[in-house]
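Listed below, chain by chain, are the residues.
Protein chains: 4
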Amino acid sequence: MAQKQIGLWLIGAKGGVATTVMTGLAALARGLVEPIGLITETEGFHSLNLIDWSDIVIGGHDIRNESLLDEARRMWTVSRAIPPGVLESVTPDLIDIETRIRPGTVLASGTSIQAIASLPESKVAKTPRSIIDQIRTDILDFAGTNDVERVVVVNLASTEPPWSSPIPDSFDELSPLLKHASESSPLPTSSLYAIAAFEADAAYINFTPSTGATPQALNTLAQQRGLPHAGCDGKTGETLLKSVLAPMFRDRNLNVMSWVGHNIFGNLDGKILDDPSNKAAKVKSKDHLLANLLPSTPQTLVSIEFIESLGDWKTAWDHIHFEGFLGTPMTMQFTWQGCDSILAAPLVIDLVRLVDRARLAGEAGSLPWLASFFKSPLNCHEQGFAAQMTMLHDWVNKHSTQP
Amino acid sequence: MAQKQIGLWLIGAKGGVATTVMTGLAALARGLVEPIGLITETEGFHSLNLIDWSDIVIGGHDIRNESLLDEARRMWTVSRAIPPGVLESVTPDLIDIETRIRPGTVLASGTSIQAIASLPESKVAKTPRSIIDQIRTDILDFAGTNDVERVVVVNLASTEPPWSSPIPDSFDELSPLLKHASESSPLPTSSLYAIAAFEADAAYINFTPSTGATPQALNTLAQQRGLPHAGCDGKTGETLLKSVLAPMFRDRNLNVMSWVGHNIFGNLDGKILDDPSNKAAKVKSKDHLLANLLPSTPQTLVSIEFIESLGDWKTAWDHIHFEGFLGTPMTMQFTWQGCDSILAAPLVIDLVRLVDRARLAGEAGSLPWLASFFKSPLNCHEQGFAAQMTMLHDWVNKHSTQP
Amino acid sequence: MAQKQIGLWLIGAKGGVATTVMTGLAALARGLVEPIGLITETEGFHSLNLIDWSDIVIGGHDIRNESLLDEARRMWTVSRAIPPGVLESVTPDLIDIETRIRPGTVLASGTSIQAIASLPESKVAKTPRSIIDQIRTDILDFAGTNDVERVVVVNLASTEPPWSSPIPDSFDELSPLLKHASESSPLPTSSLYAIAAFEADAAYINFTPSTGATPQALNTLAQQRGLPHAGCDGKTGETLLKSVLAPMFRDRNLNVMSWVGHNIFGNLDGKILDDPSNKAAKVKSKDHLLANLLPSTPQTLVSIEFIESLGDWKTAWDHIHFEGFLGTPMTMQFTWQGCDSILAAPLVIDLVRLVDRARLAGEAGSLPWLASFFKSPLNCHEQGFAAQMTMLHDWVNKHSTQP
Amino acid sequence: MAQKQIGLWLIGAKGGVATTVMTGLAALARGLVEPIGLITETEGFHSLNLIDWSDIVIGGHDIRNESLLDEARRMWTVSRAIPPGVLESVTPDLIDIETRIRPGTVLASGTSIQAIASLPESKVAKTPRSIIDQIRTDILDFAGTNDVERVVVVNLASTEPPWSSPIPDSFDELSPLLKHASESSPLPTSSLYAIAAFEADAAYINFTPSTGATPQALNTLAQQRGLPHAGCDGKTGETLLKSVLAPMFRDRNLNVMSWVGHNIFGNLDGKILDDPSNKAAKVKSKDHLLANLLPSTPQTLVSIEFIESLGDWKTAWDHIHFEGFLGTPMTMQFTWQGCDSILAAPLVIDLVRLVDRARLAGEAGSLPWLASFFKSPLNCHEQGFAAQMTMLHDWVNKHSTQP
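If you're matching them up, the sequences are chains A, B, C and D in order.
Heads up: the first sequence begins at 1 in my numbering, then just goes up one per residue.
Heads up: the second sequence begins at 1 in my numbering, then just goes up one per residue.
Heads up: the third sequence begins at 1 in my numbering, then just goes up one per residue.
Heads up: the fourth sequence begins at 1 in my numbering, then just goes up one per residue.
Don't take each hint at face value.
Identical chains blur together in the list; that is why a pair holds if it fits in one copy or across any two.
Calculated pairs, SDA-like style, for lysine to any residue (alpha carbon to alpha carbon, straight line, at most 25 Å) [unchecked claim]:
(1) K271 x A291
(2) K271 x K284
(3) K179 x G144
(4) K271 x S296
Quick caveat, the hints were computed from the structure, so don't treat them as lab data.
Just so we're clear, the structure is a prediction, and the values are computed from it rather than from any experiment.
Just chain A, same shape as in the assembly (with noise of 0.2 Å):
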């Protein structure tokens, strides 16, 4: 008999990183491209009974009304990252998921958001719960046409503005406030959709530093339901570098006495950056973690910076002035060129096919197992990519199917 489907819905459906996973998924199923980048395609994951590449379904949330081949077109036309042959294969199952897209909200996502919104459903003005009462039917009206076994969210929507006022610790004493007018919404929109996804019987996945189900109230609902949920922010290229480069300052005893790394890109969700309020949660994802794997921290300093002829192409120059015997000072610096979507999207995918598994293995709440895909781990604290990636071997062993 065959496998059922799963359903994965993406928040941000018409972005970069989303239009890459379409397009890498319909790629891999139609056996267009080797599965380069994906983690879940290394030796020890294959025991694990993973889901199959065609036996994803993809609908999601936007608040754009860009046509998503259009948008999918913008990775080669504007960044030359995926070349017009694939984008030509897969254009049908483009086509197939658009159908599925349904008008997200902008409710409490800050001004720079709610000015990139170009649908008129999106910016009505509902009270929190019946927006969230909108986004689950939308989930379960996807989940039951398309006959999914399991729906998986993923939040890959731009980054919003730190959130400021206090979150009630228990989903109880949060659910009533839910009820007030859209003015004073007590979550900002990332939450809302995770709320949504666990009440539409869903797994959930922050690949942003946008709040999302990081509350405890919202962990302690995903635990009721038995859901599994990890974030935050999708660790891909300057923070990835910071998590393996920092244990090595450490276990050799080097002192690292500033580390500057500036980041430079092109693209939309470099656009919302450049917001200060919206940058400002970025920052802090991509800078704590040296105080946390350095003895003694270092003066640190992260600049984003939207420039926009990089298009995709996040550059980054980290410079790393440390200390060394006798005091002598000395100096790493390195430059990262990648292709921001191209690095995000197969860790999304991963990301997907692990957190459904763990859904299957009966696994609720948070994971902290999938620390080395995030710049900000739920539930860890441990920062470093070596060790992070033993805690997630660790759990796979546990969990292979042996024959």
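Place chains B, C and D on chain A using the hints.
What follows is chains B, C and D alone, placed relative to chain A:
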């Protein structure tokens, strides 16, 4: 009762690394500097009861006539690396050590090393056996005169050309060949020193890519005499980064297509490596680990060039070209500006403390758990730095003295 | 008959550039160093009969209480830039100069500069006119006491915030406003110093982006009194490279799409620039020349960040993204690791010699042929370095004394 | 009446630069692309009345059997450099050009070039004279068949090994030697082509470091026949930057101690340069200009390595170590990531237009005012790029048609 001292016998005692080891130990003993760069001063190592700075008496061999003080001062005048104030403070210590330096040998060390020998004693042609006897006598005299409890011999001499003649696997077979004439030595210089060390009841560390105690016959000799040894080739800079970064590319299933490493520096070590035959040994040691760490072997290229103006500042530029999701090519570059002797010296001190401690713990033969210190670790297949650090910490935890 | 001496009056006399100028001139006069970095020591300048190192008497203003010797030594202790041996040799010269340093003023210099003033005299609130009178008196006293023939005043003080109030175009209109209360100064501090310089019959050089003698009214004053002046903002590192590289992209018709320059350093100048209002003046001066040099204005971004561990080592990373034939995007990156004061000091000395020589040649007002020295050259539209050097060499050739 | 066309005859017609020239001229003529990278399209050149894109008919020689279309497409499939859409649009033009490509010769071109020759005609051993006759006939046939007014021959073939045999200074002495057997050719291949070009009444451009028309005897031949020629070795990337940056260090009197340039790339040109004898010619051409531009010759090192994954993307890392004021050592590094053929092709087109224009202006022999295009300009000592651009602009101004 006061702990007895140990002897540290340095081969290449007037080189940059050796003089930095001497300066550093003296400065540490005098409390002039913090123990930055010393792994054995990080958490977890304290309960090993390692030998103290002031309990190490230094002597050694060299083939050059130069004054030890002048050589130590070159770190400042040429490379601006050790402040003149520190050098001045430890001058009495260096003068004292100079009295314990004996003429080394250049038998079977290749023409480039022979060209820099300025001591007539170093060039006397004798049989390999009589040279071993002389070295052994020097070490035993040193141990006796200074009443040290144990001796550790460290090879810090310039890199020899690769040794191509076959070496018998058993010491019994090898031993008679040592009585041949000097021109037909069955072993390179570094191995003669290693034999002398073992015969003088000393542990041995090979911090260079030269042959040293690597041959099976010498490892057997060490085991028979109950002596530990470790090697080869201290992992100080560019190769350290390779062993940190390559596992990241592997773990993320990114396909490294090419990895180019270009090294420039201007110290005596660099001058010797300017000879293509000596360079060959070094390049091999710096290059081979990528094939070990990456699933599909990339095109690799390591170049090492003598640029006089850089002095001890080894600058490396690495260019890593890798393929990500959907076949997209991306690039990482790094520049490492490290002071070679400053990076090496604390590793030498760490190794002396740990190899001596292993001897107390009854270990003999090569020590695979010291792999993190070396480019070409003996008796250990693992080349990833994080995994090697786990091996080291496991040993430390096992041998910690519980209160 | 011996040539008479000239006076060099430094504003910001205890800063890094000033103390390096003093140390350098003393070391040159004592024959301790080669004249590296001094343009006026290259071929063609010798026949100008410029003033000699030993014929320059130094004094100046500062607002800080610190000892000049301590400040000079910071170049070594913090930045390892001037060897302690050189500093020791010139100590008598620095002690001598310290007797000729007078308290400066912080009137209208902005809060960040006011915060570092430690001399009570610097903070006394007086009318701008009475402050000018005091400065003028200090300069005239210096000139009289030391019997110097002519004086050159150089502004080396920290960068002021940009001045936004309108400044009258004629000195006659401006003059009465100087008698207003200190809170409503019509000019920033640097311009008060410039007026005082001209009133004390001194030539003036503005090595900073502050306003100085830039206003038309002050240029007129200089012209009326027959005094030359030059500025603004010494072109020492990253901006120098921009003025060298941008003409290449222009001449090769390559389309620069974006040019990002990220500067990090840790000296006092950097600390002041950490204040966004002071930084604004500097960024503008570093950024504007690209629009001048390139046919189509690229997106540009200049950031300057205070990273304490770097001391005087200004490290700049520039990323230039340009389009070539058939629209192919390409990239050039550079890293500049320069010691700020070491780069600036010889330019200051060159300027003093040349401005003084221009005065002898009867020139008054701003000197456009000195454009190659400045980021924002007065009275000169040309920003390309090679073209600016041609202007300089033309002037030199014209004024060379033929035998 | 319509302007008559000119012929462009490319030696190495199937290589990356040649196919990019063809693609570019076709795309320009069809109005598909902007003339980015073409110097002759900048201000000042318009009044020269240079030949138009559509007035250039292309033919040439090659020694390989490959299809021109396939070779052109490699720029996309291997290097992602020319978008498939552009290649598709110009396919008819490339098919047309292919009919005009004739078999070249490998006589006296060295073993590496001989190894890639796949056309049997290219390997026929004849006397140098009979080869010249064949080449001349091919060019004259091309000119006649296409009824072109004038022909320009451009050498774009792979770099030959340096030619060490002495070459007579007069063509009269040289001429009889050409009748010797093929094994004792008095000239390398590139020079045989140059003679054939002049004998076919064509101007000649040597875009490679090969010998070409450099010998005095060939320059005389060109002068006698009233034909201009230009060379050697197009200055496209790293060497261009040297010629821009070295004058800055010189003008600022900074003492360059060492300049290391490390070049990696993976096209056919790179494969040929992997042969040490061919590489020697290239390295010399890339290296010699620093000694010319800097007052005291620094230690220099140029390396060129074939890294297949990079395709046409020539990546260069340069490390410049210089001494500033008070002897302080500082560093500049740059990384250049340029697409070799994309950088070279517009220079070839510029040169064809300008050399043809010079012929109309009656110039014969080598053209020193084209120095800015070459690493080793003929008949011109000046190596600084800005000074060379002044020479070019002076010529242009002199020959502009005034209305």
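Here's how the hints hold up against the structure:
no.: 1; hint: K271 x A291; in the structure: between (28 Å within a copy, 23 Å between copies)
no.: 2; hint: K271 x K284; in the structure: both (18 Å within a copy, 23 Å between copies)
no.: 3; hint: K179 x G144; in the structure: neither (27 Å within a copy, 83 Å between copies)
no.: 4; hint: K271 x S296; in the structure: between (34 Å within a copy, 22 Å between copies)
Checked against the numbered hints above, the structure breaks only hint 3 and satisfies the rest.
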